[in-house]
Amino acid sequence: KNQVEQSPQSLIILEGKNCTLQCNYTVSPFSNLRWYKQDTGRGPVSLTIMTFSENTKSNGRYTATLDADTKQSSLHITASQLSDSASYICVVSAYNAGNMLTFGGGTRLMVKP
Amino acid sequence: EAQVTQNPRYLITVTGKKLTVTCSQNMNHEYMSWYRQDPGLGLRQIYYSMNVEVTDKGDVPEGYKVSRKEKRNFPLILESPSPNQTSLYFCASRQTGGSGNTIYFGEGSWLTVV
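From first to last, the protein sequence lines are chains A and B. In case it helps, the working numbering puts the first sequence at residues 1 to 113. In case it helps, the working numbering puts the second sequence at residues 1001 to 1114.
Derived by calculation from the structure, the hints in this document are not laboratory data. All figures in this text were calculated on a predicted structure; none of them were measured in a lab. Glycine included, every Cβ here is placed at the ideal spot set by N, Cα and C. Do not rely on the hints blindly, as some may be mistaken.
[What the hints assert, rightly or not] Away from chain A, derived, C-beta distances all over 12 Å, residues of chain B: (1) Leu1019; (2) Leu1043; (3) Arg1072.
[Said to hold, decoys possible] Using 30 Å as the maximum straight-line C-alpha spacing, the simulated DSBU-like pairs for lysine-lysine come out as follows: (4) A:Lys1 / B:Lys1057; (5) B:Lys1018 / B:Lys1065; (6) B:Lys1018 / B:Lys1057; (7) B:Lys1017 / B:Lys1069; (8) B:Lys1071 / B:Lys1017; (9) A:Lys1 / B:Lys1065; (10) B:Lys1057 / A:Lys71; (11) A:Lys17 / A:Lys71; (12) B:Lys1071 / B:Lys1018.
Please take these sequences and the hints and turn them into a complete structure.
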């Protein structure tokens, strides 16, 4: 069964600090991996998309890495801001007719002043 | 502006009373889908549609129906809602022809069934 596991479940950091969120997956056959930011009660917003051949992608202060061999991804947030407080969701797509998405449970990040 | 619009955003209804949550996108996307989000379970796909008149079940389709008569609209129908369908629902759309296309989500619909 396709699965996406994220860690930690929640994280509290001080403003200005860096942090790294982890995503492990067992989705097969792998198509791509996405990171989303979801503010409380709002729809997820795309941060990055990576295919099999990409091992890093940046979007401002967000940098995602992908190791397709170990089936792991990380999202690194640099110089955190209060507005980074949100849930971060790892989503892995399988290469099939429906491009079925498997969602991780998310990491809830709180940035404190 | 690229948008996925859901209505209603908030709804409290009673068990067994049919309801429809509408979803509309303005990006001419072929692919649309519905998800529910429950605490501790993440987002789970209910139904998806690859194009007009083409729909298929996701992971948790029981108790739901969908239709895709027009490209821009993809309503979610609960024929006889039950309390276990209390959840936060999201509609999403994306372009096909490439698995790496961005998925756009609506703002969500909070549904409570009492």
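Next on the checklist: Between the alpha carbons of lysine 1057 (chain B) and lysine 71 (chain A), is the straight-line distance 30 Å or under?
Outcome noted: 27 Å, holds
Next on the checklist: What's the verdict on lysine 1 (chain A) and lysine 1065 (chain B), does the C-alpha distance respect the 30 Å limit or exceed it?
Outcome noted: Answer holds: lysine 1 (chain A) to lysine 1065 (chain B) is near 25 Å, not above 30 Å.
Next on the checklist: Against the 30 Å threshold, does the CA-CA distance of lysine 1071 (chain B) and lysine 1017 (chain B) hold or violate the hint?
Outcome noted: 27 Å, holds
Checklist entry - For the pair supplied as a hint, lysine 1018 (chain B) and lysine 1057 (chain B), is the alpha-carbon distance within the 30 Å limit? => result 20 Å, holds
Next on the checklist: So arginine 1072 (chain B) supposedly isn't at the interface. Is its beta-carbon more than 12 Å from every beta-carbon in chain A?
Outcome noted: 17 Å, holds
Checklist entry - Is lysine 1071 (chain B) close enough to lysine 1018 (chain B), meaning Cα to Cα at most 30 Å? => result 24 Å, holds
Checklist entry - Taking 12 Å as the cut and beta carbons as the points, is leucine 1043 (chain B) off the interface with chain A? => result 4 Å, violated
Checklist entry - Within 30 Å, alpha carbon to alpha carbon, are lysine 1017 (chain B) and lysine 1069 (chain B)? => result 23 Å, holds
Checklist entry - Does lysine 17 (chain A) pair with lysine 71 (chain A) here, judged by a C-alpha cut-off of 30 Å? => result Between lysine 17 (chain A) and lysine 71 (chain A) the Cα gap is close to 27 Å, so the pair holds against 30 Å.
Checklist entry - Is the Cα-Cα distance between lysine 1018 (chain B) and lysine 1065 (chain B) 30 Å or less? => result 11 Å, holds
Item to check | Pairwise hint evaluation, lysine 1057 (chain B) against lysine 1 (chain A), where the allowed Cα distance is 30 Å at most | outcome: 17 Å, holds
Checklist entry - Was leucine 1019 (chain B) rightly flagged as not at the interface, with every chain A Cβ beyond 12 Å? => result 20 Å, holds
Going through the hint list in order, the structure does not satisfy hint 2, though it satisfies all others.
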